[in-house]
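Visitor: Keeping their order, the protein sequence lines are chains A and B.
Here this note's numbering = 1-based position in the first sequence + 4.
Here this note's numbering = 1-based position in the second sequence + 4.
Quick caveat, the hints were computed from the structure, so don't treat them as lab data.
There is no bait here: all hints are sound.
A pair counts as met if it fits within one copy or between any two copies, since identical chains are not told apart.
Once the Cα atoms are required to be at most 27 Å apart in a straight line, the calculated BS3-like pairs of lysine-lysine come out as:
#	residue 1	residue 2
1	K319	K525
2	K319	K610
3	K323	K610
4	K665	K600
2 protein chains.
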Amino acid sequence: MEDSLRKALSEQQAAVDAQGGAVRELKASGAPKDAIDAAVQELNALKLEKASIEKQLQAALTNGNDNALSRDAFRQALVNTLERRLFYIPSFKIYRGVAGLYDYGPPGCAVKSNVLAFWRQHFVLEENMLEVDCPCVTPEIVLKASGHVDKFTDLMVKDEKTGTCYRADHLLKDFCKEKLEKDLTISGEKAAELKHILAVLDDLSAEELGGKIKEYGITAPDTKNPLSAPYPFNLMFQTSIGPSGLSPGYMRPETAQGIFVNFKDLYYYNGNKLPFAAAQIGQAFRNEISPRQGLLRVREFTLAEIEHFVDPDDKSHPKFSEVANLEFLMFPRGEQVSGQSAKRTVLGEAVSKGIVNNETLGYFIGRVYLFLTGLGIDKERLRFRQHLANEMAHYAADCWDAEIECSYGWIECVGIADRSAYDLRAHTDKSGVPLVAHEKFAEPREVEKLIIAPVKKELGLAFKGNQKMIVEALEAMSEKEAMEMKATLESTGEVGFHVCTLGKDVTITKKMLSISKEKKKEHQRVFTPSVIEPSFGIGRIIYCLYEHSFYTRPSKAGDEQLNVFRFPPLVAPIKCTVFPLVQNQQYEAVAKSIAKSLTAAGISYKIDITGTSIGKRYARTDELGVPLAITVDSTSSVTIRERDSKDQIRVSVEEVASVVKEVTDGQSTWADVLWRYPTHSSASVDE
Amino acid sequence: MEDSLRKALSEQQAAVDAQGGAVRELKASGAPKDAIDAAVQELNALKLEKASIEKQLQAALTNGNDNALSRDAFRQALVNTLERRLFYIPSFKIYRGVAGLYDYGPPGCAVKSNVLAFWRQHFVLEENMLEVDCPCVTPEIVLKASGHVDKFTDLMVKDEKTGTCYRADHLLKDFCKEKLEKDLTISGEKAAELKHILAVLDDLSAEELGGKIKEYGITAPDTKNPLSAPYPFNLMFQTSIGPSGLSPGYMRPETAQGIFVNFKDLYYYNGNKLPFAAAQIGQAFRNEISPRQGLLRVREFTLAEIEHFVDPDDKSHPKFSEVANLEFLMFPRGEQVSGQSAKRTVLGEAVSKGIVNNETLGYFIGRVYLFLTGLGIDKERLRFRQHLANEMAHYAADCWDAEIECSYGWIECVGIADRSAYDLRAHTDKSGVPLVAHEKFAEPREVEKLIIAPVKKELGLAFKGNQKMIVEALEAMSEKEAMEMKATLESTGEVGFHVCTLGKDVTITKKMLSISKEKKKEHQRVFTPSVIEPSFGIGRIIYCLYEHSFYTRPSKAGDEQLNVFRFPPLVAPIKCTVFPLVQNQQYEAVAKSIAKSLTAAGISYKIDITGTSIGKRYARTDELGVPLAITVDSTSSVTIRERDSKDQIRVSVEEVASVVKEVTDGQSTWADVLWRYPTHSSASVDE
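Bound-form chain A, shown alone (with noise of 0.2 Å):
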């Protein structure tokens, strides 16, 4: 749509621009009045169409806007919520705060605390995993050893005259949005190049980010000075251990690594079994560049990361099928690359037509998405994306993220990916602790072995500077890879070789190594184990869930729009509310015993004995997502009302806790309870 009416103003432009050469031309020419004046209406005619064209496509571009307003206008009534309700708070706010730093208030703090309860239950209990806690703080070799003191950077330009810094992908991502959204002149094809740009941002390198940025003049937004150079800057935050200063250290941008180099130690915990995995809920930090997305980018958060390993040989899981029936919306590499969009997939079909990896991968996103949902994410705005070659690292097999669609749009909550051998490789290289499995056999196996042996003398007069890396990949030939280049050597006596880390073919002559196989004995197997790792972003998913459960509804009186969250009772910061109706010792002496019944049942509640109207309590309650709210009209018998129906039944007094406790543990639903109790209807208390 948009890009036919550009197209289609580009060429009403220049029918208009020829149709207005036409007319100079007559009228240079002296052509008769007749003339001129048919040329100058077709000119006319041609500026109303095109004028008529400008009009749709504004309307076509407005209409994203539209969108992008009333989520505006969404994101915003649920912010004000959160924040005056103190689900969240601005960290160090009297001191104008931190970008990207936040507190979670008395009912986030709750909800973090069910949404981690929840967790723990559902993956580390159900799995019987191991649970460790490790230090933030990190030395330097072991994030050496992970990549990421060498490469967990952002490009980062300055301001050349004030400093100021900004992430490069940022600027040309505002640039190149701002364009298509305000510019009607852009040609179609420029408005497809910008489009492409926002759909290949994150591959761009520093080069041609900055190549970007000075083709497309993008100049500082709060100067307009001129901007450096895209340079790399590194995310950690960096500390000093101990007082010499000669220990440096970082703030752990994941939780995995304390888990990995704890391998040996938890694989003798298991008995030296395999599989199992270990698990880790724990603070993370990024020193973003210039953290934006209110709680979905910040510099401190909660992680939940699984690492569960597997022999490599054995990527079956046990209780797949109770996952396999699962369907949602997937999202395969296929189906991106060619443009299309995610569709509802059963997850066994997945895993049988190899569009997922293996079943221990599939297990885990089958697993993701019943913790999810259950936490009442909407099911129509999950889904699982593959990630494409491009952005996977080298060493996985395969990954796919957890996505939900919030007013930010499709944001990762959930990534899982199957890193093979990567992490446990690069600990056991750096530490020269090998960490590895082994599989003991029933009885020894004959086995043959590939021996590859380089003959280095040789190799260092062929190769001179370069025969280490010639060596490592001769080494590094898959058997397929070594038997055929053996065949090759012994009919010809030579061949090529292509060496990715020099980037270039080699000519291996005959005398340069030997291939052969032998048969010896082993009594078991050492490999190292393939790690699939489950990571949750905890904050990103409370905030998703916070935009899932709001909603506005009219007061009775319909003089005003009130905020409800629909949390099931599992997240619910308070599971319900106690109100004496009218303000009078015998009702408070009833709401008082009801909430020590409400205690011994483990309930977590809220009384409320203030004089305010019943109707606005309700109201103060649905607005921190309390599922039911008890009022006490009478010694006998009390109401309890449900948040989003409004329904109210009525129950005894000795009956209230253990009827709030069957709904709010899962036993019942409210519609088992309501069957079963007298409703209630009272304008009265009605808000």
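Take the given structure of chain A and dock chain B to it, following the hints.
Guide: Quick look at chain B alone, frame taken from chain A:
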């Protein structure tokens, strides 16, 4: 004992010296042989006596050392068990670790999470506290206001050649202890001096510490090189927020500041009512100079802190009566100064006698006692020690530490301080945002207000640069001081006035200020609340709990010592184990069905179907502190064995989960169920 022996020894030495002199004199003066022989005989007798005293002193000192040795052996056995069973792991072990950083392994993690859950239940839920969760990364201005940037330091000395850093007080402490334990020749006076230094070590200034180090000739322990003078080292991990390098930040040294800066929002959230408490559980960081004492002094740790805000004019507590009758070891200031020891005290009496400053402080002392003993801390090795005047910050009204005795001595695990209005005032001053509370009067009150109006011009003329400090000191006078000054000025025209901040007296004359009282109608009282802060070092509590719970007992064969943790079910990392007595499919099926019913009842368990002997399996879980073990030895009924008594009862398969739940939830004791079910005794299944 030691003192009198040292005294006797040095007197005896003097007698020996004197007699030796006498003998020499007799010989020199050619005295008769009889006389000389008699004198020599007496000298030998004196020497013998001296040797005997030396032996006694040695024994007295060794006795202390023997205790120390058995303490060390106990600790070694404990620490071996803790490390082997992964209660904790030195962090980054494969990279040879980092001093002062530890991981919690699976059982340690479970214990920690049980301790924190109980803390939340016992404090946050029980008292309706407002829980918050703030970031660890903290901008400098916040910690400047709190005083940490300037004062959160330890004194450090450097090896002048190698640059290695040491804590100055540690070196002096080690020197004094070594001298006292190993050197028999030091005089009683010297011994007393060294003991005095050990007692006041924490109070010594840099100059005093440096002086003693010089006086005693203390050198670097590793190299014997000379040491630098002591200088302060700030214990916060420093970092930089954002990419500019212009925003210094620190990893928080405590969680409290996050609560103080949110006071205004939290007070509003609480309906603008006092008292209320906020609470926070989170990581805190101290960049220790050279961490010692294993798990007790670490660089990163979990704190659980409460800030209870209260009207300074009314520190009563409505629930104090619930703890007033508790009786436990208290160690008030007076007893410490007069060299007595802690004694059993009724909390209510300590408060009514004014030993504990106020009811709210007393209430928290009582609640902390219940919390710690509920976890399994031995109440005979728990005392509440009041801070001495010199230990306490100048603003603190009163401060008590819950100290737990372990192999390292009495360790501060919880601090309970009445910090008055200090923190809120400090942040009010620095941020300009008033962190105050309001008490609305039912009807306006006429109040007499003291007006102190310094005449700045006159003060400026008289005191120039010191004017500001004098004005502040004048304005800070209490009503009594001000009225006395007014009287003196009126009678004599001038008055001497001590200005603390200048450290001297100045003369104030009549024209320099006016002091008066005005009557005003006030509708409300505006004041800064006092804060009472219980602050829990979770890691220290857990370590002490390990020490108090650990014991060994001989195996049945008597050939080895078996380790046991007598954790209460509340704390135990796993509540029960399930063992098929022998490996067979029937028993395994029963074990699995029991496991399922345990999961349904929400009980954490471990199932062990290895063929290991049942005795070994019991020993393995005793070492994890698992309270109950279910052994499947038939398909209809099973045995439940209690960890400490090793008693066994026989229960039907259907009932077993509910019996385990009853005991581990604390609804029944083991004694209760032991009475209800047939006991089981079978040599074959016992260890």
